[in-house]
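Novice: Here is what each chain is made of, one letter per residue.
Number of protein chains: 2
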Amino acid sequence: MNNSHQPEVKPYLITKTLVPENQESPIHFLHGDIASGKLFYRRNHFSYPNFASSFYFLPIEGLVPTPKTFSLQEIYSLPSKTIKVVLECSGDKRKLFKPKVYGEQWGKGAISQGIWKGVSLRTLLQYTGLIETAKEIVFEGYDYGKRPDSDQLFNFSRSLSIEKALDPDTMIAYEYNNHPIPFKHGFPLRLIVPSWYAMASVKWIKKMTVIDHAFKGPYQAVDYVYYPNKENDNGKFPVTTINVNSTIQYPLNMQLLHTGIYEINGISWTGKGSITKVEISLDGGHTWDTCQLTSTIEKYAWTPWKYKWEALKKGEYIITSKATDSEGNVQPLEPLWNRKGYGYNAFDNIKVKVE
Amino acid sequence: MNNSHQPEVKPYLITKTLVPENQESPIHFLHGDIASGKLFYRRNHFSYPNFASSFYFLPIEGLVPTPKTFSLQEIYSLPSKTIKVVLECSGDKRKLFKPKVYGEQWGKGAISQGIWKGVSLRTLLQYTGLIETAKEIVFEGYDYGKRPDSDQLFNFSRSLSIEKALDPDTMIAYEYNNHPIPFKHGFPLRLIVPSWYAMASVKWIKKMTVIDHAFKGPYQAVDYVYYPNKENDNGKFPVTTINVNSTIQYPLNMQLLHTGIYEINGISWTGKGSITKVEISLDGGHTWDTCQLTSTIEKYAWTPWKYKWEALKKGEYIITSKATDSEGNVQPLEPLWNRKGYGYNAFDNIKVKVE
Chain A
1 MNNSHQPEVK
11 PYLITKTLVP
21 ENQESPIHFL
31 HGDIASGKLF
41 YRRNHFSYPN
51 FASSFYFLPI
61 EGLVPTPKTF
71 SLQEIYSLPS
81 KTIKVVLECS
91 GDKRKLFKPK
101 VYGEQWGKGA
111 ISQGIWKGVS
121 LRTLLQYTGL
131 IETAKEIVFE
141 GYDYGKRPDS
151 DQLFNFSRSL
161 SIEKALDPDT
171 MIAYEYNNHP
181 IPFKHGFPLR
191 LIVPSWYAMA
201 SVKWIKKMTV
211 IDHAFKGPYQ
221 AVDYVYYPNK
231 ENDNGKFPVT
241 TINVNSTIQY
251 PLNMQLLHTG
261 IYEINGISWT
271 GKGSITKVEI
281 SLDGGHTWDT
291 CQLTSTIEKY
301 AWTPWKYKWE
311 ALKKGEYIIT
321 SKATDSEGNV
331 QPLEPLWNRK
341 GYGYNAFDNI
351 KVKVE
Chain B
1001 MNNSHQPEVK
1011 PYLITKTLVP
1021 ENQESPIHFL
1031 HGDIASGKLF
1041 YRRNHFSYPN
1051 FASSFYFLPI
1061 EGLVPTPKTF
1071 SLQEIYSLPS
1081 KTIKVVLECS
1091 GDKRKLFKPK
1101 VYGEQWGKGA
1111 ISQGIWKGVS
1121 LRTLLQYTGL
1131 IETAKEIVFE
1141 GYDYGKRPDS
1151 DQLFNFSRSL
1161 SIEKALDPDT
1171 MIAYEYNNHP
1181 IPFKHGFPLR
1191 LIVPSWYAMA
1201 SVKWIKKMTV
1211 IDHAFKGPYQ
1221 AVDYVYYPNK
1231 ENDNGKFPVT
1241 TINVNSTIQY
1251 PLNMQLLHTG
1261 IYEINGISWT
1271 GKGSITKVEI
1281 SLDGGHTWDT
1291 CQLTSTIEKY
1301 AWTPWKYKWE
1311 ALKKGEYIIT
1321 SKATDSEGNV
1331 QPLEPLWNRK
1341 GYGYNAFDNI
1351 KVKVE
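Sequence order for the protein chains is A and B. Under my numbering, the first residue of the first sequence carries the number 1, and numbering increases by one thereafter. Under my numbering, the first residue of the second sequence carries the number 1001, and numbering increases by one thereafter.
Pulled out of the complex, with its shape left as it was, chain A reads as follows (with noise of 0.2 Å):
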C-alpha cells in the first residue's frame, strides 16, 4: 500500500438520539451552500414509519366541495416550482439556553438548507375547492408513536391556516437536490413550509384534511409551543416563523490562533423578509464592524458573510455575530427563555485565543 493520497477526511452527522433518530448536521463544517441528503440533520419524534410507497396516495378530506385523492403522478405532472429553503428546527441552540433546557441538547446544527421541488399546495386545492367555513388544514404524517406524557399513540400532525396555507411557495415536495427526497427526509411527499420552523414542514404526507376549527393536535397545542414563564402557561403563543439568526462558522470556540490575517466566516439567516446586514465585534460587543454578505439574497435562503480579520495583537477575543433583517429584527443580546426551549437567536458568540 502506497499512501501517496491523503486518506479522506469528512464530518458527519452528531449524535443526539438514536431513538427516535436525531441527530444534527456538522455546521461548522459545512462551507457548501446545500447539504447534501447525508448531511442534512435529522430530526424525528418517533421511529421512521412503515409504510407501502408503492400504493402511495394523497388524499385530500374534509371540508371541501370536492374531495379527491392525488396518485404520485399525477402530483408529478403537476405544475411545478423549485425553491432553495432553510429549513431549521425550532429547537436548534437549545442548548445554549440558560438556565439549561430539558429535551433534545441541539447545539448548532439542527439547520440545513437545499432545495425542494414540489407542487404548490395551492394547486392541489384548486381540485378540490374549499368549504366557506374551512379554517385550517391539518397535515398528518405516517409517523406515529407514544409520547412522553401520554400512552396513546398519535400520528405527527400539524396545520396551517388556510392563509398560509394558499401562499404560493407552500409546497408538497417530491425532490430534494434534483433526487426523489430521501426517505429519512420525507419520501415520497413532503410539505415544505418555508420561512417557519422545520416542525411545520411535515415529512411522509398521509392526508390532509380541511377543518373548520383551530387544530389541537399536542405537537400543535402542546409542543412548538413558546412557554416563556418555568412553572405555568402564562403568555404562551405558538412556534411559527424562524427567528433572525447568525451562526459564525469559523474560527471555532476555543481555537488557538498564530496572529495572522483570518477570514472570519458564517452564515445569517430569518424567516419572514431577508438578511439586511451582519455585523460582527472582536471586543465583546463594545464595537462593532459591518460583514460582506457573499452571496445574492435569496428569498427562503441562508445568507452567506465573511469579515476579514488582522489578528495582530495577541490575546484573548470574544467574536460575536448579530444579524438583522429587512423586517427590521435585529439578533437579540440574550434570547427569549421559554420552558421547552424553542427559538434561540441571540447574537452569537465564540472565543479564541491569539498567540
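There could be a bad hint or two in this list.
What the hints assert, rightly or not - Here are the simulated SDA-like pairs of lysine to any residue, each with C-alpha atoms no more than 20 Å apart in a straight line:
id	chain 1	residue 1	chain 2	residue 2
1	A	K314	A	K351
2	A	K135	A	T240
3	B	K1340	A	H258
4	B	K1351	B	Y1307
5	B	K1207	B	A1052
6	A	K351	B	Y1102
7	B	K1095	A	N253
8	B	K1100	A	E316
9	B	K1313	A	D151
10	A	K353	B	K1100
11	B	K1230	A	L256
12	A	K98	B	N1349
As the list claims (entries may be wrong) - To give an idea of the chain B side of the interface with chain A (calculated C-beta under 10 Å), a few residues:
id	residue
13	Q1006
14	T1015
15	P1020
16	H1045
17	Y1048
18	N1050
19	M1254
20	Q1255
Unchecked claim - Pair ranges (Cβ atoms, derived):
id	chain 1	residue 1	chain 2	residue 2	range
21	B	I1034	A	K98	30 to 40 Å
22	A	K277	B	W1288	50 to 60 Å
23	A	K98	B	E1231	24 to 34 Å
24	B	K1308	A	P228	44 to 54 Å
25	B	D1233	A	P238	49 to 59 Å
26	A	P20	B	G1315	22 to 32 Å
27	A	D289	B	W1288	44 to 54 Å
28	B	G1285	A	K314	53 to 63 Å
29	B	T1294	A	H258	42 to 52 Å
30	B	L1072	A	F55	49 to 59 Å
31	B	I1034	A	P20	40 to 50 Å
32	A	K98	B	E1061	50 to 60 Å
33	A	E263	B	H1031	17 to 27 Å
34	B	W1288	A	H213	50 to 60 Å
Hints are computed from structural coordinates only; laboratory data are not their basis. Where a beta carbon is used, it is the ideal one built from N, C-alpha and C, also for glycine.
Since the structure of chain A is already known, use the hints to place chain B on it.
Specialist: Below, chain B alone, put in the same frame as chain A:
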C-alpha cells in the same frame, strides 16, 4: 419501495477539527465493549503521513550495541501478545473545565477501546541490547508538520523511560480487532503503551532511538505537561498515567423521562491498578449507592457498570458517578484545572427530569 424494515440508524464520529482530523467517539451510543475502527476516536496533530508502507522497515538506533532494522515479516513472526486496551486522549472531557481552556473542545468521547495484537517492545530490544547509559527511547512517527508556536517542522515524537519501555505490556502493535491496524490509527505499526494517556501510543512508527538524556521534543516538554497555573509554569509535571474516571452513558444529559424503572449505565477506567468500585448519587452528591460492575476486570480495559433506578417520583435529578481504583484513587469533586486542559476526571454529572 416497501419500507417493511426500519432504515439503519447509527451513530457517527463527532467532528472537532478536520485539518488535522480530530473526531471523538459517540461514547454515549457505544454500548458494545469494543469500538470498531470506524467509531474509534481520531486524534491527530498533523495531516496524515505519506509514506510507502510497502518499503516499510522499523529501525532501532542510538545507544544500542547492535542496531537493527526490522522488517514487518520479522515482527509478525515473533511471539505476539494480544491485549484489550483503553486508549484515552489526555484532552478527553476538556470542554468541561471551568474556567474553559483553549484547544480542541473534546467532550466525553476522546476514548475508545479495542484489542491490539503485537510484539512486546522488550522482545525487539533483546535483538539490539541497550548500552548501560541508555535512559530513554524516542519513538518518532511518520506524521509531521508545523506547530502553532513555531515555523519549524516537527515529527510527532515521544519518549519512554527504559523501565517503561521494558514493561512486557508495552508493545509494537500491528493488528486492531483481528485486522491490520486501520491506516488512520497507525498502520502498519503503532506503539501501544497500556495505562498511559494515548499521546504515548505513537502511530506510524518511523524509528526508535535510544538516548542517554531526557528527550525534550515539544510533544514531550511543551505539550502533554500539566501546568496548574494560568500565568506561569510553576508546578508543571508530565502527563503519563490515565486518571481514575467514569462516564454515564445512559440516560443522557437533560433527558426527559417518564416515571419508571431505568438502568443507569456507563463505563469506568483507570491507568494504574483496576476499578474496584463505582458509586452513584441521585441527589447531587448527598447520598451514594454502589453500582454493579458488569464485566470481569481486565487490567487495561474499561469496566462497564450499571445501576437499577426506580424513578417513581417526578422531579429533577442530578445523577453523579464516582469511580475508585485498587490504588485507592477516587474521582475528585473538582478536576485539577490546568492550562492546557489535560486529565479531566472529576465526578461525572448529568441532569434529568422525570415527568
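Novice: What are the numbers of the hints the structure violates, in ascending order?
Specialist: Result: hints 16, 24, 28, 31, 33 break, sorted rising.
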